[in-house]
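Peer 1: In case you want the letters, here they are:
Number of protein chains: 2
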Amino acid sequence: MSRATLPFDTITIERSSDVPVHRQIYDRLRSYILRGLLPPGSRLPSTRDFAATLSVARNSVIAAYEQLLIEGYIESKVGFGTVVSQALGRSQSKLQSTLPQRSPELSQRGAMIGNQPHFGRSPRKLNFHPGYPETEAFPFLVWSRLLARRARSRSEDILTYFSFCGHPDLREAIAQYVAVARGVVCTPQQVIVVTGAQAGLDLLARTLLDPGDTAWLEEPGYIGARAALLAGGARIAPLRVSEDGWSLSDPELPAPRLIYITPSCQWPTGVIMRLEERLQLLELASHYNAWIVEDDYDGEYRFRGKPVSAMQGLDSSDRVIYVGTFGKTLFSSLRIGYLIVPTALVEPIDRALAITGQFAPLIMQGALADFIREGHFATHLKRMRSLYAVRQAYLLQLCTTQLSEWMNVPANESGIQLLGRFRRPFDDRCVAQEAALHGIDAQPLSANFNSDEPQHGLLLGYARLAEREIQAAVVGLGEVFHTFDAQHTMSRPRRGKMVPQH
Amino acid sequence: MSRATLPFDTITIERSSDVPVHRQIYDRLRSYILRGLLPPGSRLPSTRDFAATLSVARNSVIAAYEQLLIEGYIESKVGFGTVVSQALGRSQSKLQSTLPQRSPELSQRGAMIGNQPHFGRSPRKLNFHPGYPETEAFPFLVWSRLLARRARSRSEDILTYFSFCGHPDLREAIAQYVAVARGVVCTPQQVIVVTGAQAGLDLLARTLLDPGDTAWLEEPGYIGARAALLAGGARIAPLRVSEDGWSLSDPELPAPRLIYITPSCQWPTGVIMRLEERLQLLELASHYNAWIVEDDYDGEYRFRGKPVSAMQGLDSSDRVIYVGTFGKTLFSSLRIGYLIVPTALVEPIDRALAITGQFAPLIMQGALADFIREGHFATHLKRMRSLYAVRQAYLLQLCTTQLSEWMNVPANESGIQLLGRFRRPFDDRCVAQEAALHGIDAQPLSANFNSDEPQHGLLLGYARLAEREIQAAVVGLGEVFHTFDAQHTMSRPRRGKMVPQH
Chain L
41 MSRATLPFDT ITIERSSDVP VHRQIYDRLR SYILRGLLPP GSRLPSTRDF AATLSVARNS
101 VIAAYEQLLI EGYIESKVGF GTVVSQALGR SQSKLQSTLP QRSPELSQRG AMIGNQPHFG
161 RSPRKLNFHP GYPETEAFPF LVWSRLLARR ARSRSEDILT YFSFCGHPDL REAIAQYVAV
221 ARGVVCTPQQ VIVVTGAQAG LDLLARTLLD PGDTAWLEEP GYIGARAALL AGGARIAPLR
281 VSEDGWSLSD PELPAPRLIY ITPSCQWPTG VIMRLEERLQ LLELASHYNA WIVEDDYDGE
341 YRFRGKPVSA MQGLDSSDRV IYVGTFGKTL FSSLRIGYLI VPTALVEPID RALAITGQFA
401 PLIMQGALAD FIREGHFATH LKRMRSLYAV RQAYLLQLCT TQLSEWMNVP ANESGIQLLG
461 RFRRPFDDRC VAQEAALHGI DAQPLSANFN SDEPQHGLLL GYARLAEREI QAAVVGLGEV
521 FHTFDAQHTM SRPRRGKMVP QH
Chain Z
41 MSRATLPFDT ITIERSSDVP VHRQIYDRLR SYILRGLLPP GSRLPSTRDF AATLSVARNS
101 VIAAYEQLLI EGYIESKVGF GTVVSQALGR SQSKLQSTLP QRSPELSQRG AMIGNQPHFG
161 RSPRKLNFHP GYPETEAFPF LVWSRLLARR ARSRSEDILT YFSFCGHPDL REAIAQYVAV
221 ARGVVCTPQQ VIVVTGAQAG LDLLARTLLD PGDTAWLEEP GYIGARAALL AGGARIAPLR
281 VSEDGWSLSD PELPAPRLIY ITPSCQWPTG VIMRLEERLQ LLELASHYNA WIVEDDYDGE
341 YRFRGKPVSA MQGLDSSDRV IYVGTFGKTL FSSLRIGYLI VPTALVEPID RALAITGQFA
401 PLIMQGALAD FIREGHFATH LKRMRSLYAV RQAYLLQLCT TQLSEWMNVP ANESGIQLLG
461 RFRRPFDDRC VAQEAALHGI DAQPLSANFN SDEPQHGLLL GYARLAEREI QAAVVGLGEV
521 FHTFDAQHTM SRPRRGKMVP QH
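Chains L and Z are the protein sequences, given in the same order.
With positions in the first sequence counted from 1, the corresponding number in this note's numbering is that position plus 40.
With positions in the second sequence counted from 1, the corresponding number in this note's numbering is that position plus 40.
Next up, chain L with everything else stripped away, as it sits in the complex (with noise of 0.2 Å):
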């Protein structure tokens, strides 16, 4: 037995601490045990003296030691007192000298889902970043009230699970809402309640792939889509779009293992796939054997007539799935999304599920099934429709009086943003990082390829932006060309590689 090499009476208590007196000498005690000068072997005094040396109450002396008696730093030995640990010779010392102290590294699967590109944001930027909702007009009274519902109610189907698939309230609602408003054909036992729409495309890349397989992505296309099949490990193969529709015929075009779309209001192109294309899409899934997973991520907002319904209701080979959310018609904080399966899927879904852990909290999905079925949805929808008609069509305009010369920017009947593509060959990363200095966000086009040589221009999301706000964004954007004008300036931009946005 060594004795203790340590002048107990060193340790000061820090009586105006918010950490208890027990917990400090636990702590420092801890410490010296672990950093070798208190080793194996060394005798601690006993409660009474180490109290007296302290100043401390002899309760708080004890209650330390316990603490470290349980957690096997010290041991009492009878007729000696207290002492440390003689187990824990060994490790202890070598934890301190001869290990190498270098960390471990990420995966490299890990290191390619943590590179891929993203947009941050921030708060006090006029935010052009397409995908968001105005939020100025969300009902959050009503809301919180159902919210504060739901919490109270303690009953059991929102407390426990019983299925992963989302709560039967809310799996109901929407069934009954995407029959009606996008003409999806489907039974509330195909719905799957997901956080997010980015959740369902995530779910399906690693359920639907396996490492290796091909998938079709539209080019451009959706930045989040990629993201989720690269990180299910997929080789992906450009579906070519244009204003002229989506190239079905490229005889480049690999057989697919999944064909990821978004044909209500292609992203970010804003065209609308034909009826026609719709159907020899589903030819062509045939002929391969493919999933199509169809994203209608605003759907929702035709400016126009009604929406244009969804491919699901053309399947009858239950191939497609359709990808929906709430994040862009009520706020996108609320994370949830759903899925609806072909029923085959269902259940092999609800053990992934189970696995992933991308399912909502019961209590948000049983007050938002409430805010669905007591019609504050449909007449929110209603009103944002109406808001964002007005705001693109006022977009619109000062885009044409102020802008033309360097952007054209067609309406869209469809959507909650508007694609301008340059008339000058700037580079959209370059006119992006000058835009933010003056105080506007908004996401360069040449981001949303994938395989090809970029095009250039600006994704305008104006949801979010009040009148006065897009004024001046366009006002600040008319600015920011003037600069690019005045630079001469234009680097081509290497492909596939991002500029920091910040």
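A few of these clues could be false.
[Unchecked claim] Derived DMTMM-like pairs (lysine to aspartate or glutamate); straight-line CA-CA distance at most 20 Å:
#1 L/117 with L/106
#2 Z/165 with L/316
#3 L/165 with L/507
#4 Z/165 with Z/176
#5 L/422 with L/176
#6 L/117 with L/89
#7 Z/117 with Z/106
#8 Z/165 with L/197
#9 Z/117 with L/197
#10 L/165 with L/176
#11 L/165 with L/474
#12 Z/117 with Z/145
#13 L/165 with Z/106
#14 Z/422 with Z/176
#15 L/165 with Z/196
[What the hints assert, rightly or not] Part of the chain Z face toward chain L, derived, beta carbon under 8 Å:
#16 199
#17 238
#18 331
Derived from the structure by calculation, the hints contain no laboratory data.
The structure displayed is predicted, hence computed values, not measured ones.
Note that CB positions come from ideal geometry on N, CA and C, so glycine has one too.
Place chain Z on chain L using the hints.
Peer 2: Just chain Z, lined up with the frame of chain L:
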């Protein structure tokens, strides 16, 4: 131009239906077109004639035609009226006849993920399933008030994501809590909020492992961790655990990239890892440069003394990732868990979460932060600790007096379940099946074995059961055991197979 072959007067409108008349007309015509009953070029009646035939308002027919026009099913021919679109020709007929109607299948990975063993729960049974806290005592009124307050606030921080790692208030509250309660050393920035511990395990397996990498999993060990590791493509090597501790010196263990452990209360044995084992494990992990994932799934519940501090606090080489959850301290459908990660992982995990969508709604996060900061969490935890201690003592007493012939049920200083090991060679899956017939849900011990010949017993999660329910469940189990005694039957289980529980 072919004439329509369809007698339009056979279309019937259900006036009592909830579906609007124009939608019924649209649905009927669309279906006829897609089924080839109205071939391309077929002429439709004028809206006036059709309205008269159906005895409906002409506006209803106009609305139906407009939608069919928008969606491309019909077109307007000058001087001829409305016809089924010619463009549909080829695809439409093909879709109806020659195409194979087989559906695609899950990927191999998807099938593996979807086939992991699971335990269904039944709302009407005495629920011994481990891991579920008592919810009767949860202050739902407080919770409902906090939720409503955050929802009403409309503040930017609960409406938009600036970081995917979680709400700043909650990250701070968690960092403070784990420092005091669990000896975890971290800044709020190291806290990553996820949709439950399971989501955290899934995320870690995907970002820290590549397919084929070796992970050590305790044997017996937690099913959910096994599923997450397998879903991430890991090869699993068994780190054997017995009452004597962890077999850290097992020469057959291959070099790991990740080590999953439950040191505070080993799942399912309840063994607590000794300090010297913890130090040895850190040494081993350092030697292999492996990650340690420390799942502290119910480290909060220790009935004698204070909870044992987490391993994370012993780590000086940034390799321990701590996994915590509120699912066992508050209620499971809350779906909020957290990871404490080394600083270098924060940024890549933030990006990964943007892709996987495993993040909790901000309103819930904000309300939970308030719940912790206003002291409700500490109060609730203290009450539950007392309640569970009483329940464990009661269950132990009844098991000793009534079931000791068949099961050895030692006390557990920590956790919210007891492990009963069979004294006779019963197959625990058969016992669990029989118990289910007696209205009792319990998990067979053997399900937690991944590599070795399983031991048999039952995991008894007592947290949710009131004393009268504990009594009824023990009586029920006694009857089950009597049945097995009477049958004198015993079938050795096949390794690794699960008998369906329902």
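Peer 1: With reference to the structure, classify each hint as holding or not holding.
Peer 2: Evaluation of the provided hints:
no.: 1; hint: L/117 with L/106; in the structure: 14 Å, holds
no.: 2; hint: Z/165 with L/316; in the structure: 53 Å, violated
no.: 3; hint: L/165 with L/507; in the structure: 15 Å, holds
no.: 4; hint: Z/165 with Z/176; in the structure: 16 Å, holds
no.: 5; hint: L/422 with L/176; in the structure: 15 Å, holds
no.: 6; hint: L/117 with L/89; in the structure: 17 Å, holds
no.: 7; hint: Z/117 with Z/106; in the structure: 14 Å, holds
no.: 8; hint: Z/165 with L/197; in the structure: 14 Å, holds
no.: 9; hint: Z/117 with L/197; in the structure: 55 Å, violated
no.: 10; hint: L/165 with L/176; in the structure: 16 Å, holds
no.: 11; hint: L/165 with L/474; in the structure: 13 Å, holds
no.: 12; hint: Z/117 with Z/145; in the structure: 43 Å, violated
no.: 13; hint: L/165 with Z/106; in the structure: 41 Å, violated
no.: 14; hint: Z/422 with Z/176; in the structure: 15 Å, holds
no.: 15; hint: L/165 with Z/196; in the structure: 13 Å, holds
no.: 16; hint: 199; in the structure: 5 Å, holds
no.: 17; hint: 238; in the structure: 4 Å, holds
no.: 18; hint: 331; in the structure: 5 Å, holds
Against the hints set out earlier in the document, violations occur for numbers 2, 9, 12, 13.
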